[in-house]
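Read top to bottom, the protein sequences are chains A and B.
1 is the number of the first residue of the first sequence in UniProt numbering; add one for each residue after it.
1 is the number of the first residue of the second sequence in UniProt numbering; add one for each residue after it.
Check each hint, because a few of them may be wrong.
Quick list of in silico lysine-lysine cross-link-like pairs, DSS-like style, CA-CA up to 30 Å [stated by the list, open to error]:
| hint | chain 1 | residue 1 | chain 2 | residue 2 |
| --- | --- | --- | --- | --- |
| 1 | A | K199 | B | K92 |
| 2 | A | K12 | B | K96 |
| 3 | A | K199 | A | K96 |
| 4 | B | K92 | B | K12 |
| 5 | A | K29 | B | K12 |
| 6 | B | K12 | A | K12 |
| 7 | B | K96 | B | K122 |
| 8 | B | K29 | B | K199 |
| 9 | B | K199 | A | K29 |
| 10 | B | K122 | A | K199 |
| 11 | A | K199 | B | K199 |
It should be emphasised that the hints constitute simulated quantities derived from the structure, not laboratory data.
There are 2 protein chains.
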Amino acid sequence: MEPFLNPILQGKPPQPLLVVISGPSGVGKDSVLMRMRELGFPFHFVVTANSRPQRPGEIDGVDYHFVTTERFREMIENDELLEWAEVYGQYKGIPKFEIRQAMASGRDVILRINVDGAATIKRLAPEAVFIFLAPASLDELRHRLLLRRTESPAEVERRLAMVADELAQLPNFDYVVINHADRLDEAVGQIRAIISAEKARVYPRRISL
Amino acid sequence: MEPFLNPILQGKPPQPLLVVISGPSGVGKDSVLMRMRELGFPFHFVVTANSRPQRPGEIDGVDYHFVTTERFREMIENDELLEWAEVYGQYKGIPKFEIRQAMASGRDVILRINVDGAATIKRLAPEAVFIFLAPASLDELRHRLLLRRTESPAEVERRLAMVADELAQLPNFDYVVINHADRLDEAVGQIRAIISAEKARVYPRRISL
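So that you can see chain A by itself, here it is in the shape it has in the complex (with noise of 0.2 Å):
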């Protein structure tokens, strides 16, 4: 048997896998996290490092790491990142060490990203599985834009425009997934089924970063 078949065969566990979640904003890539948290899910899940400081009720190595502007401009110096943005002199990025240590360990590894930050990561892991969640319509994710009252509803027309966009980068994606309104757990059950089809591989995606 060669090496390179699923370790399955040969009764070990199935390699991990990095796993990215992506999607429109608004679609609910945070609700359908939370709900894989909360099921139990024996996942890593990324926490991206952010320069913006902490808020009351915020914890650090938890919702984010909240390191200052300097370290997180040492950290882009130093490669230390898969992928960063800066939005309004405010920067967010991924480390590195936190997928590498995850993958260390033999857990999955589940990264939710923006669309474009799932395209960096795509070139830079394409072996990781990509999974699009998508709106039911462009109503419902309107809906769901207005429903959080975060952006001005001039802001949630931007981010609906940019929708048609987003959907033109699918084929950077292996699965879709429709996160209906009052169907969370289907989507949940779905990309459930999809981490679990993977391990299943005859010959399992090999991640290295």
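Using the hints, position chain B against chain A.
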């Protein structure tokens, strides 16, 4: 949105799949399928044509399509069979109409077949989903074969000797599922997950037969 993208993106049902479940003799293919039926999986199970006489308790069109040897040879000549084999003068084969009808109805088709037969299906329908059901060990397989008491000890050893060749066919398969003794539902759940995941592919498989 391109038409070849998953129809779920347009609120339509996913395309039906052709799922081939194969594996060594005695690995538990029948048990897995029986359990899937019990659980009410909404699949079309392919009924094989068979030239041997109907036994008491067997239902024509359910257990097998019972046909005469003459009719079977006619089916071969008319290219009505996806795959067939003759063993000791007894014909067995898969009628194409079974699969066409089932797929036209929008249901997934599940086809249980030995590893040689799966290789034939792979040539005819490479876009089918190929699942290899594997034993946890040769000892477990030997135990199962002896337990069912339909083969002599010599025949059991002959079948075990075939397993290495069968495992060598793994590259023809997409997925491998271990059917551990007393953990049938785990294998069934894994197959369910695979089918679910396949329905979420951004680019669905396109079966033509």
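A quick look at each hint next to the structure:
no., hint, verdict
1, K199/A - K92/B, "violated, 34 Å"
2, K12/A - K96/B, "violated, 39 Å"
3, K199/A - K96/A, "holds, 23 Å"
4, K92/B - K12/B, "violated, 37 Å"
5, K29/A - K12/B, "holds, 22 Å"
6, K12/B - K12/A, "violated, 39 Å"
7, K96/B - K122/B, "holds, 15 Å"
8, K29/B - K199/B, "holds, 22 Å"
9, K199/B - K29/A, "holds, 20 Å"
10, K122/B - K199/A, "holds, 22 Å"
11, K199/A - K199/B, "holds, 16 Å"
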